[in-house]
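Trainee: Could you build the full structure based on these sequences and the hints that come with them?
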Amino acid sequence: MKLISRLFFYSFLALTGIVLFVTSTSMGKSKTLVKNSIQDQFSEIDFEALTIINKMVYADTTNFMHQKIYPCARCFLRPEAAEALAEANQIAKTENLKLVIYDCYRPYQFQYKMYEIVNNPRYVAKPDKGSNHNRGLAVDVALADQEGNLLDMGNEFDDFSKLSHYAAIDITEEGKKNRGVLRKIMTKAGFIPYDNEWWHFDYVKKQYPVANFVWECDE
12 MKLISRLFFY SFLALTGIVL FVTSTSMGKS KTLVKNSIQD QFSEIDFEAL TIINKMVYAD
72 TTNFMHQKIY PCARCFLRPE AAEALAEANQ IAKTENLKLV IYDCYRPYQF QYKMYEIVNN
132 PRYVAKPDKG SNHNRGLAVD VALADQEGNL LDMGNEFDDF SKLSHYAAID ITEEGKKNRG
192 VLRKIMTKAG FIPYDNEWWH FDYVKKQYPV ANFVWECDE
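First residue of the sequence shown? That's 12 in my numbering, and the numbers climb one at a time after it.
Incorrect hints may have been included.
[To be verified] Pairs of lysine-lysine, DSSO-like flavour, derived with a Cα cap of 27 Å:
no., residue 1, residue 2
1, K173, K79
2, K140, K216
3, K173, K66
4, K188, K104
5, K140, K79
6, K66, K137
7, K104, K195
8, K199, K173
9, K187, K66
10, K66, K188
11, K217, K137
12, K216, K137
13, K199, K104
14, K137, K124
15, K195, K173
16, K79, K124
17, K195, K216
18, K140, K173
19, K66, K199
20, K173, K188
21, K104, K66
22, K199, K216
23, K187, K199
24, K137, K79
25, K217, K140
26, K137, K173
27, K104, K216
28, K187, K104
29, K79, K66
30, K66, K124
31, K195, K217
32, K140, K124
33, K188, K199
34, K187, K173
35, K173, K124
36, K199, K217
37, K66, K195
Calculated from the structure, these hints are not laboratory results.
Mentor: Laid out in structure tokens, this is it:
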């Protein structure tokens with residue numbers, strides 16, 4: 012579905028005063044993004060403004076499918092989830108760390124392709140139900156130092172083995188520690204962890220339906 016418009020906006024968390032640098036988008040006419048907006052609206056994460064590292068692997072071939080799935084590397088979330096991610100980013104900064112984003116909103120049509128390859132609902136949700144990625148309520152994230160060097164997280168993103176389980180014991184002590192730090196940051200910001208994937212976090216304070224819009228790209 013064609014993306015009609017996008018505009019930058021600044022939103023402030025009432026309790027923290029954190030400035031969010033995100034972009035709103037809708038599939039209808041242009042609207043100002045507000046709380047409780049229509050279900051078709053999302054917020055786009057501004058990687059540069061937030062100094063979050065963009066490693067959206069499904070926008071190139073460096074993923075488990077070795078195929079480019081997304082048209083380009085843009086990260087969309089529902090507004091509340093985007094605000095929570097911005098808060099997590101601020102928490103990470105207090106630890107002298109940066110967030111690394113692998114995946115955000117995933118158009119529903121791409122869920123089929125991924126499930127056909129993995130065929131394991133523990134790692135990729137069945138298309139008939141959809142996932143929180145399809146709802147714009149999930150994010151896959153890791154940690155890097157201030158120079159942008161990825162921290163040891165125990166194993167690689169999208170390694171569909173038991174080593175990806177948060178409580179895996181056959182990983183380095185450094186990996187265990189960094190998984191704990193990541194979980195602490197994300198849960199403090201309001202996300203819920205998923206034990207089978209150390210990188211996956213859901214925002215469940217508000218529900219949205221599955222969506223299927225595919226964003227446009229400048230290139």
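Trainee: Each hint needs a verdict: does it hold in this structure or not?
Mentor: For each hint, the structure was consulted:
1. A threshold of 27 Å between alpha carbons decides the hint, and for K173 with K79 the separation of about 26 Å falls inside it, so the pair holds.
2. For a cut-off of 27 Å, the pair hint linking K140 to K216 stands: about 19 Å separates their Cα positions.
3. Restraint check for K173 and K66: the C-alpha separation of about 23 Å stays at or below 27 Å, so the hint holds.
4. This hinted pair checks out: K188 and K104 have alpha carbons roughly 17 Å apart, not beyond 27 Å.
5. Annotation: proposed proximity of K140 to K79 holds, straight-line Cα distance about 24 Å (limit 27 Å).
6. For the given pair, K66 sits about 24 Å from K137 by alpha-carbon distance, which is consistent with the 27 Å threshold.
7. For the proposed pair K104 and K195, the alpha carbon gap of about 13 Å is at most 27 Å, so the pair holds.
8. Proximity of K199 to K173 is assessed by CA-CA distance (about 26 Å); at most 27 Å being required, the pair is judged to hold.
9. Between K187 and K66 the CA atoms are separated by roughly 22 Å; this keeps the pair inside 27 Å, and the hint holds.
10. Pair hint K66 plus K188 holds up; C-alpha atoms about 22 Å apart against a cutoff of 27 Å.
11. This hinted pair checks out: K217 and K137 have alpha carbons roughly 21 Å apart, not beyond 27 Å.
12. For the given pair, K216 sits about 22 Å from K137 by alpha-carbon distance, which is consistent with the 27 Å threshold.
13. Proximity of K199 to K104 is assessed by CA-CA distance (about 14 Å); at most 27 Å being required, the pair is judged to hold.
14. Proposed proximity of K137 and K124 is supported: the alpha carbons are some 11 Å apart, at most 27 Å.
15. At most 27 Å may separate the alpha-carbon atoms for a hinted pair to count; K195 and K173 meet this at roughly 21 Å.
16. Distance restraint check for K79 and K124: the Cα-Cα separation of roughly 11 Å lies within the 27 Å cut-off, and the hinted pair is therefore satisfied.
17. Under the criterion of a C-alpha separation no larger than 27 Å, the hint pairing K195 with K216 is consistent with the structure, at around 18 Å.
18. Distance check on the hinted pair: K140 and K173 sit about 24 Å apart at the alpha-carbon level, within 27 Å; holds.
19. With a C-alpha separation of about 23 Å, the suggested pairing of K66 with K199 holds against the 27 Å cut-off.
20. The hinted pair formed by K173 and K188 meets the criterion: a straight-line CA distance of about 17 Å does not exceed 27 Å.
21. Of the pairs offered as hints, the one joining K104 and K66 holds, with about 18 Å between alpha carbons and a cut-off of 27 Å not exceeded.
22. For a cut-off of 27 Å, the pair hint linking K199 to K216 stands: about 13 Å separates their Cα positions.
23. At most 27 Å may separate the alpha-carbon atoms for a hinted pair to count; K187 and K199 meet this at roughly 18 Å.
24. Taking the CA atoms of K137 and K79, the gap is near 21 Å; set against the 27 Å cutoff, the hint holds.
25. About 18 Å separates the Cα atoms of K217 and K140, which keeps this hinted pair within 27 Å; it holds.
26. Note on K137 and K173: the hinted pairing holds, with a Cα-Cα distance of about 20 Å set against a maximum of 27 Å.
27. Of the pairs offered as hints, the one joining K104 and K216 holds, with about 24 Å between alpha carbons and a cut-off of 27 Å not exceeded.
28. Taking the CA atoms of K187 and K104, the gap is about 20 Å. The hint holds against a cut of 27 Å.
29. A distance of roughly 13 Å separates the Cα atoms of K79 and K66; the hinted pair therefore holds under the 27 Å criterion.
30. For the suggested pair K66 and K124, the alpha carbons sit about 20 Å apart, so the restraint of at most 27 Å is met.
31. In summary, the hint linking K195 to K217 is supported, as the alpha carbons are separated by about 21 Å, within the 27 Å threshold.
32. Using a Cα cut-off of 27 Å, the hinted pair K140 and K124 holds, with the two alpha carbons roughly 14 Å apart.
33. Restraint check for K188 and K199: satisfied, since their Cα atoms lie roughly 17 Å apart, inside the 27 Å limit.
34. For the proposed pair K187 and K173, the alpha carbon gap of about 14 Å is at most 27 Å, so the pair holds.
35. Restraint check for K173 and K124: satisfied, since their Cα atoms lie roughly 23 Å apart, inside the 27 Å limit.
36. A threshold of 27 Å between alpha carbons decides the hint, and for K199 with K217 the separation of about 17 Å falls inside it, so the pair holds.
37. Only pairs whose Cα atoms come within 27 Å are accepted, and K66 paired with K195 is accepted, the gap being roughly 21 Å.
Of the hints listed earlier, there is not a single one the structure fails to meet.
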